[in-house]
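Visitor: If you want the building blocks of each chain, they are given just below.
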Amino acid sequence: MSMNFDPIYQEVILDHYKNPRNCKEIEGLSEKGHNASCGDKVEVITKIEDGKIEDLSVCTKGCAICTASGSIMSEKVKGMDIEETMKFVEKVKKYFKGELPEEEFDSIFELKALSGVRKFPVRIKCALLPWITLENTLKKEE
Amino acid sequence: MLDLKKDFPVFKNNPGLCFLDSGASAQKPSHVIDFVSNFYKTTYANIHRGIYNLSWRTTELYDATREKVAQFLGVSNPECVIFTKNTTEAVNLIAYTYGETLNEGDEIIVSIMEHHANFVPWQMLSKRKGINLKIAYIDRETLELPLKNITSLITEKTKLIALSMCSNVLGTISPFKEVLKIARDKGIKVLLDGAQYMPHHKINFGKEGLEPDFVVFSPHKMCAFDGLGVLYGQREVLEKIPPFLTGGDMIESVSIENTTFAPLPNKLEAGTPPIGAVISLLKAIEYLESIGMKNIEEHETKLAKEAIKRLKEIDGVHVFAPEKISNGIVSFTIDGIHPHDIATILAEDNVCIRAGMHCAEPLITFLEQDSFARATFYLYNDLEDVEKLITSVKRCREVFKL
Ligand SMILES: Cc1ncc(COP(=O)(O)O)c(C=O)c1O
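Respectively, the protein sequence lines represent chains A and B. Taking my numbering, I'd label the letters of the first sequence as residues 1 to 142. Taking my numbering, I'd label the letters of the second sequence as residues 143 to 544.
A portion of the hints provided could be inaccurate.
[Unchecked claim] Footprint (simulated), chain B over chain A, 3 or more residues, beta carbon under 8 Å: (1) 33 to 40; (2) 56 to 63.
[Said to hold, decoys possible] Partial list, computed: chain A residues near chain B (C-beta under 7 Å): (3) D6; (4) Y9; (5) C23; (6) R123.
Derived by calculation from the structure, the hints in this document are not laboratory data. For every residue, glycine included, the Cβ atom is placed at its ideal position computed from N, Cα and C.
Let the sequences and hints guide you as you build the complete structure.
Guide: Right under this line is the structure:
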């Protein structure tokens, strides 16, 4: 029996895991995040100009969920202004934690794909790590 | 092969459960659960202080456990068996009492394969007291811990060797018997972390002429309840060290100015202990002995060997175990899949393993890995569990399109 549909490791997640976007060298504010329970590590570098995320780099070393989540994040928040990003991060956090309905991100299918983690409480931390790291950077920036 | 799932209600209540995480904590048999449940229904009271029948009967069971543990270890002085909260607390007890008698410049040897429980307390002590912490490395190829890697670190300043009897990640058995003999001749104290050894092997220290200064282990890994640890120590050391925690039950007499302490074991057991957990250990040892420690060791080794053989046949799977294994610990990685993702996919199939650093970060770093997936087999596992593990590991590669 070949299972080609897994509730968590869907095509889009595997794609972002195998080819993470936006891990690059840029000048900016660097923030590191670490998940002690599983060893996931992430570095987020943000280049802010005129209150906007002009560019960002997200490099992860860890599981597929953390890596894909970071990669997806890097694509979604680029170009957003800080306040908008903070609100978005807050919403994503609530979503992963199951505090928002699953349909909440029907329009952002990559994030919807990550919603499988909601059934594995331990793995929610992996998905959240890049977002929390970004949030920490922006708090400093503010 | 043993066929024991029927003795463990968790399997009846979770059909299809493939539980391969006994290295973290073991399931409990009815023999243990029912006895303790009945004990709470019929007999429970606090120990020591009560004159009345219930307290007295509870105390008898509590003390019987201490004697059973002494017999299990093959030592003749039950009063030197101390009940703690877990292995971690037992190590800390020694680090904060005996450890405090060490001096700046003294040396402690630990191995690279220690669980953090037998590493961090010594690292902290070293920083507090200016002690030199020396690391005995395993062989990166064989994953064994050669005796000379320990003995070559011994100097006149060596005061303590704190050594795991069995690695919780690799299943590697340390040369603790030889270390005990050598250390004894040199007057060096030895603390053995038996958390992964006691549940799986028979060791009779007395019969083998071995006298470890301290042995620590966790009954929850050997079918007893959680909340309990065991420290066994040589009487002269335990008598000499100051108490770790002070307060109730551990005193001889208290005045406004001063306190004198009770003799062993009470001196080192302050406050109300986890009585039910202690009594569960009496029944757990009884149960394990009724199966036979030798049979348990053989059974789980057979399963682990089969699992290792089958895992190695799968492309991209690497097993981290020494050639000669004698327990059920199987750590592995799959190229291109992080161990946490492995454990998640296995969990979807009801196969329970552990992934991560396994509280042994220095070892994982030494092996140049980020983390491991670890399956541990115990007496209730069977060949069907091996089959489920293998099927699920293969599915990991399919899911990841490898
Ligand atoms: C070798 C070893 N030492 C110590 C411990 C710590 O045991 P506990 O968590 O019961 O204190 C463990 C448990 O995982 C272990 O495997």
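Visitor: For each hint, tell me whether it holds in the structure or not.
Guide: Each hint, compared with the structure:
{"no.": "1", "hint": "33 to 40", "verdict": "holds (count 4)"}
{"no.": "2", "hint": "56 to 63", "verdict": "holds (count 3)"}
{"no.": "3", "hint": "D6", "verdict": "5 Å, holds"}
{"no.": "4", "hint": "Y9", "verdict": "5 Å, holds"}
{"no.": "5", "hint": "C23", "verdict": "16 Å, violated"}
{"no.": "6", "hint": "R123", "verdict": "6 Å, holds"}
In this structure, only the earlier hint numbered 5 is contradicted, and the remaining ones agree with it.
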